[in-house]
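Protein chains: 2
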Amino acid sequence: MPSLSRYLPILDWGRRYDRDAFSNDLIAALIVTIMLIPQSLAYAMLAGLPPEAGIYASIAPILLYAIFGTSRALAVGPVAVVSLMTAAAIGQIVQTGTAGYAAAALTLALLSGLMLLALGLFRLGFIANFLSHPVIAGFITASGLLIATSQLKHILGIKAGGATLPEMVVSIIGHLGQINPVTLAIGVLTTAFLFWVRKGLKPMLRRLGLGPRMADILTKAGPVAAVVVTTGLTWGLGLNAHGVAIVGSVPQSLPPLTLPDLSPELIGQLLLPALLISIIGFVESVSVAQTLAAKKRQRISPDQELIGLGAANIGAAFTGGYPVTGGFARSVVNFDAGAETPAAGAFTAIGLGIAAIALTPLVYFLPDATLAATIIVAVLGLVDISILKKTWAYSRKDFAAVLVTIVLTLAAGVEIGVATGVILSIVMHLLHTSRPHIAEVGLVPGTEHFRNIHRHEVITHPDLLTLRIDESLYFVNARFLDDYIQDRLTRAPRIRNVVLMFSAVNSVDFSALESLEAINHLLKDRNIGLHLSEVKGPVMDRLKTAHFLSELNGQVFLSQYHAWQMLTRQNMERICPTGS
Amino acid sequence: MPSLSRYLPILDWGRRYDRDAFSNDLIAALIVTIMLIPQSLAYAMLAGLPPEAGIYASIAPILLYAIFGTSRALAVGPVAVVSLMTAAAIGQIVQTGTAGYAAAALTLALLSGLMLLALGLFRLGFIANFLSHPVIAGFITASGLLIATSQLKHILGIKAGGATLPEMVVSIIGHLGQINPVTLAIGVLTTAFLFWVRKGLKPMLRRLGLGPRMADILTKAGPVAAVVVTTGLTWGLGLNAHGVAIVGSVPQSLPPLTLPDLSPELIGQLLLPALLISIIGFVESVSVAQTLAAKKRQRISPDQELIGLGAANIGAAFTGGYPVTGGFARSVVNFDAGAETPAAGAFTAIGLGIAAIALTPLVYFLPDATLAATIIVAVLGLVDISILKKTWAYSRKDFAAVLVTIVLTLAAGVEIGVATGVILSIVMHLLHTSRPHIAEVGLVPGTEHFRNIHRHEVITHPDLLTLRIDESLYFVNARFLDDYIQDRLTRAPRIRNVVLMFSAVNSVDFSALESLEAINHLLKDRNIGLHLSEVKGPVMDRLKTAHFLSELNGQVFLSQYHAWQMLTRQNMERICPTGS
Numbered sequence: 001m002p003s004l005s006r007y008l009p010i011l012d013w014g015r016r017y018d019r020d021a022f023s024n025d026l027i028a029a030l031i032v033t034i035m036l037i038p039q040s041l042a043y044a045m046l047a048g049l050p051p052e053a054g055i056y057a058s059i060a061p062i063l064l065y066a067i068f069g070t071s072r073a074l075a076v077g078p079v080a081v082v083s084l085m086t087a088a089a090i091g092q093i094v095q096t097g098t099a100g101y102a103a104a105a106l107t108l109a110l111l112s113g114l115m116l117l118a119l120g121l122f123r124l125g126f127i128a129n130f131l132s133h134p135v136i137a138g139f140i141t142a143s144g145l146l147i148a149t150s151q152l153k154h155i156l157g158i159k160a161g162g163a164t165l166p167e168m169v170v171s172i173i174g175h176l177g178q179i180n181p182v183t184l185a186i187g188v189l190t191t192a193f194l195f196w197v198r199k200g201l202k203p204m205l206r207r208l209g210l211g212p213r214m215a216d217i218l219t220k221a222g223p224v225a226a227v228v229v230t231t232g233l234t235w236g237l238g239l240n241a242h243g244v245a246i247v248g249s250v251p252q253s254l255p256p257l258t259l260p261d262l263s264p265e266l267i268g269q270l271l272l273p274a275l276l277i278s279i280i281g282f283v284e285s286v287s288v289a290q291t292l293a294a295k296k297r298q299r300i301s302p303d304q305e306l307i308g309l310g311a312a313n314i315g316a317a318f319t320g321g322y323p324v325t326g327g328f329a330r331s332v333v334n335f336d337a338g339a340e341t342p343a344a345g346a347f348t349a350i351g352l353g354i355a356a357i358a359l360t361p362l363v364y365f366l367p368d369a370t371l372a373a374t375i376i377v378a379v380l381g382l383v384d385i386s387i388l389k390k391t392w393a394y395s396r397k398d399f400a401a402v403l404v405t406i407v408l409t410l411a412a413g414v415e416i417g418v419a420t421g422v423i424l425s426i427v428m429h430l431l432h433t434s435r436p437h438i439a440e441v442g443l444v445p446g447t448e449h450f451r452n453i454h455r456h457e458v459i460t461h462p463d464l465l466t467l468r469i470d471e472s473l474y475f476v477n478a479r480f481l482d483d484y485i486q487d488r489l490t491r492a493p494r495i496r497n498v499v500l501m502f503s504a505v506n507s508v509d510f511s512a513l514e515s516l517e518a519i520n521h522l523l524k525d526r527n528i529g530l531h532l533s534e535v536k537g538p539v540m541d542r543l544k545t546a547h548f549l550s551e552l553n554g555q556v557f558l559s560q561y562h563a564w565q566m567l568t569r570q571n572m573e574r575i576c577p578t579g580s
Numbered sequence: 001m002p003s004l005s006r007y008l009p010i011l012d013w014g015r016r017y018d019r020d021a022f023s024n025d026l027i028a029a030l031i032v033t034i035m036l037i038p039q040s041l042a043y044a045m046l047a048g049l050p051p052e053a054g055i056y057a058s059i060a061p062i063l064l065y066a067i068f069g070t071s072r073a074l075a076v077g078p079v080a081v082v083s084l085m086t087a088a089a090i091g092q093i094v095q096t097g098t099a100g101y102a103a104a105a106l107t108l109a110l111l112s113g114l115m116l117l118a119l120g121l122f123r124l125g126f127i128a129n130f131l132s133h134p135v136i137a138g139f140i141t142a143s144g145l146l147i148a149t150s151q152l153k154h155i156l157g158i159k160a161g162g163a164t165l166p167e168m169v170v171s172i173i174g175h176l177g178q179i180n181p182v183t184l185a186i187g188v189l190t191t192a193f194l195f196w197v198r199k200g201l202k203p204m205l206r207r208l209g210l211g212p213r214m215a216d217i218l219t220k221a222g223p224v225a226a227v228v229v230t231t232g233l234t235w236g237l238g239l240n241a242h243g244v245a246i247v248g249s250v251p252q253s254l255p256p257l258t259l260p261d262l263s264p265e266l267i268g269q270l271l272l273p274a275l276l277i278s279i280i281g282f283v284e285s286v287s288v289a290q291t292l293a294a295k296k297r298q299r300i301s302p303d304q305e306l307i308g309l310g311a312a313n314i315g316a317a318f319t320g321g322y323p324v325t326g327g328f329a330r331s332v333v334n335f336d337a338g339a340e341t342p343a344a345g346a347f348t349a350i351g352l353g354i355a356a357i358a359l360t361p362l363v364y365f366l367p368d369a370t371l372a373a374t375i376i377v378a379v380l381g382l383v384d385i386s387i388l389k390k391t392w393a394y395s396r397k398d399f400a401a402v403l404v405t406i407v408l409t410l411a412a413g414v415e416i417g418v419a420t421g422v423i424l425s426i427v428m429h430l431l432h433t434s435r436p437h438i439a440e441v442g443l444v445p446g447t448e449h450f451r452n453i454h455r456h457e458v459i460t461h462p463d464l465l466t467l468r469i470d471e472s473l474y475f476v477n478a479r480f481l482d483d484y485i486q487d488r489l490t491r492a493p494r495i496r497n498v499v500l501m502f503s504a505v506n507s508v509d510f511s512a513l514e515s516l517e518a519i520n521h522l523l524k525d526r527n528i529g530l531h532l533s534e535v536k537g538p539v540m541d542r543l544k545t546a547h548f549l550s551e552l553n554g555q556v557f558l559s560q561y562h563a564w565q566m567l568t569r570q571n572m573e574r575i576c577p578t579g580s
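Residue numbers (full-length UniProt numbering), protein chains in the order written: chain R, 1 to 580; chain F, 1 to 580.
Treat the hints loosely; a few may be bogus.
Calculated cross-link-like contacts (lysine to any residue; reagent style SDA-like; alpha-carbon spacing at most 25 Å) [to be verified]: (1) Lys295/R with Lys524/F; (2) Lys389/F with Val422/F; (3) Lys295/F with Val539/R; (4) Lys524/R with Val539/R; (5) Lys397/R with Lys390/F; (6) Lys397/F with Leu431/R; (7) Lys295/R with Asn520/F; (8) Lys544/R with Asn520/F; (9) Lys390/R with His547/F; (10) Lys199/R with Ser386/R.
Source of the hints: derived by calculation from the structure; they are not laboratory data.
The following block holds chain R by itself, in its conformation from the complex (with noise of 0.2 Å):
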């Protein structure tokens, strides 16, 4: 049944499934258990949700990516640009922690959900191929400047707020009156702890003789040991009395049944977002299930993923979560770890199912301050200003499509941010090819090849000239072709034949085909052949049904040597070599 394991990716792995890939999917599933509990809760917090909605978020997602999803490595559940994200969307329209900001964060994966699996059913995954890689960069390294901003209040235990840079920024600023210092000590100690784990704790214990994997597993934990020790000491001290915030009582339960609120305004409200947070999402997760899957030379199925992704959110919506994708701290924890296959994703549901129902009760006194400490080190990682530096230095386009993402991301929001780079990007593209280059060329001696004359020693002849146009002919850049050789003929009056060398023209359309005829008219008004040579496969069938191949006042040349042998024939003499 190659139809329904296509749609079904389970039926595929499922069948060869054996004892060793259980096992190491179950050591996978434990060490990936451990690093989720306090990441579900802070990316929770971070999208304005209760924290259980982050654990809640993990369970039914995984299981339903688990068979229908194609990356056998990718963790789907909570991540911090998504519940960024949801908490702009959502925070516009309702007050964040009412009981309608949960629901609306289930309408949001729901809709989410459901134009995922539209897009997958109906194969327009490449809708995400827009978004260009200087766009994705921008847009991420800008999120994680966002969030961890976002973050400082909980660290300082202050209530400032903001959705945007500057006004998070002028928010902190204003409330730093109200720093609670013990909240403060908390949270420095423990960022700078984290970032110590990070950076200096993994080389120590290679030092100390660990191996590289026992090494990595225990750098991974660095954020439950934050947590259990930070949960501890306010415990113990009773520093909630301080003024220390903590996350409290979380309910005790497998993740609800829950309805999203499908009320018309509200969806319409929130279809723009649920579009962005859908692509945006697929973007993170498809990039790094390819990266992981190359690694084993997997191939994945973008569609497929698509479906995959789109019933996670769908089931988030179900089970009192929020929008979730496939996150790339947690998929490349679970490769490294060993995952072989997505029941590693199911093992871990169960994991957190068992961490639901009997742990909870444990993070009462976990510090909120502890939470963004998480937050803060994992987005800054996010944090790339460098590929400001290499755009620059590639191409000053791909560089202004990167600041205008990240300066509007922080000053205006992730989804104005990123529709401009989007749109910017397509602009400058076209504007790019609404001028086409180019080139006259000419014969490189001793070879049948023709190259640039202001770039190469090429032979010319003077009756005959020869342009390489360098772009396909489409409506943009219709008009410029036909200045372009009326100006051209102005300046060299001598000319009998002009050759349009169509090598890398790999389309015309119908403007630009009109465009065409004008210029073979104008020539033949003025009794100067106009001759095309190495038109492609494509390119020739389109124009052998347009008329004109027929009223072409010259010949169609296979290779551009041909055509130049014919044209100079009569006058070999008069060949003479010219170039730099």
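Starting from the known structure of chain R, fit chain F onto it as the hints suggest.
Only chain F this time, still in chain R's reference frame:
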């Protein structure tokens, strides 16, 4: 003073003005003036303005264009499409027939003039290139149908309304009971007469022995004859007492000095329509000007044309007019009548000035139905349904653009129709480039030329895979190339070297560079060489700034033939012919 005469072309042609040019210009002006009097009244009616606005809009704008414009034959003034767009833009905001309506038309002309001027000064004329030929053709055809339908009420003598085709048809049907039979008789007979003048008069005059030019002039005077006869009949028989709507009293005056309404609210509402009117007016005008200039081997400067049209519209705003542009019909008449310089336009302005003072009382009894007939016959000449057939034969994408533009212009108005047509054209172009044509190529025997193995009999080598990528590489297709090569290698495990033939790759952006780096790493891991051939100068310059070339697991070859020679030298005996 080359720089001054660039902005003031009058300094250029004015210096060489002589007696011959003067007499030719004077004759052309006389003919155009006679044609413009009924046309100006009719288009003002179409725009929902009093008749004199049409005459005023032809005087100052023509003079200003004569100073700043570069076309020798373009005649600037009210045109059908811009009149329709003016009515649509203002009709949504102000009640037709009020003083506020006329003031808003002045504001629209001022905004349009300032935008055109700004586009010209910043040399942004290329934005008109985003209107593809199919979108323009579709929009012109739909506008012709819309305008003709909008005039039916004057032919029928009823008070119908509506802004879109369905609205108009419903409104006309609802008012059919109020048809005025006398008006209907005048309207139908005039329309039939004008159609006959268009199709039948000229051949008849030629058969009667008249010269072609004289026959042409008499044909163009047809509308004047219709005006004279129907006005005379209405006056003589007192038809206005039988319910025939007439033009009525028109002030006897030169264009007055007027001030546009500058309230910020009105300006805000008119910004977008003004931009669209500017761009569409510019496209119409520049198309006519280029066509006429090419016939005399003259050149126009699109950016200076923007300045000329900008000045004309600003002039219209302060002299009781409304948005103007270079009209097709009037410009062709001007050209055919022998106009040599923009002075012909100035003489036309003088003629219309005299008409505004002396002739306006004569049009008191002119029936609206006659003007409507003039418009209908003129605009039905714009309707060209054959564009649907032509684009269908050439390309389904271009056909879709025409169809969507026509349907939406008719059903939802010019602004939505054109905007959707432009966006659809851009999206279809981007989608086309998102899945590039990639051809596997081999050597054409006896040449150094490489072609698609599926279209030509070529020689290939089993160790060597040569892919010609028929598209610039940029973010929209960056992932596609990566996927394509991975798939291709899975199906051909024997390959030792991959050559990417870059003859059709006109640019490589940062996203595509990262994809190329990923492909390079992938092939390096599998011990397969990655080579490039026929990389264009601008692309090579760009790749040199990145580290890609130094890390490339292979070489860059000047020509594909050179790559072939180098990479197959060791195993020449294994070369085998393939192909159909």
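Verification of the supplied hints:
1. Taking the CA atoms of Lys295/R and Lys524/F, the gap is near 13 Å; set against the 25 Å cutoff, the hint holds.
2. Taking the CA atoms of Lys389/F and Val422/F, the gap is about 20 Å. The hint holds against a cut of 25 Å.
3. Annotation: proposed proximity of Lys295/F to Val539/R is violated, straight-line Cα distance about 30 Å (limit 25 Å).
4. Pair hint Lys524/R plus Val539/R holds up; C-alpha atoms about 23 Å apart against a cutoff of 25 Å.
5. The suggested pairing of Lys397/R with Lys390/F is violated, with an alpha-carbon distance near 37 Å, which exceeds 25 Å.
6. Between Lys397/F and Leu431/R the alpha-carbon distance is near 21 Å, which keeps this suggested pair within the 25 Å criterion.
7. A threshold of 25 Å between alpha carbons decides the hint, and for Lys295/R with Asn520/F the separation of about 14 Å falls inside it, so the pair holds.
8. Between Lys544/R and Asn520/F the CA atoms are separated by roughly 38 Å; this puts the pair beyond 25 Å, and the hint is violated.
9. Simply put, Lys390/R and His547/F have alpha-carbon atoms about 10 Å apart, close enough for the 25 Å limit, and the pair holds.
10. For the proposed pair Lys199/R and Ser386/R, the alpha carbon gap of about 19 Å is at most 25 Å, so the pair holds.
The structure fails to meet hints 3, 5 and 8 from the earlier list, while all remaining hints are met.
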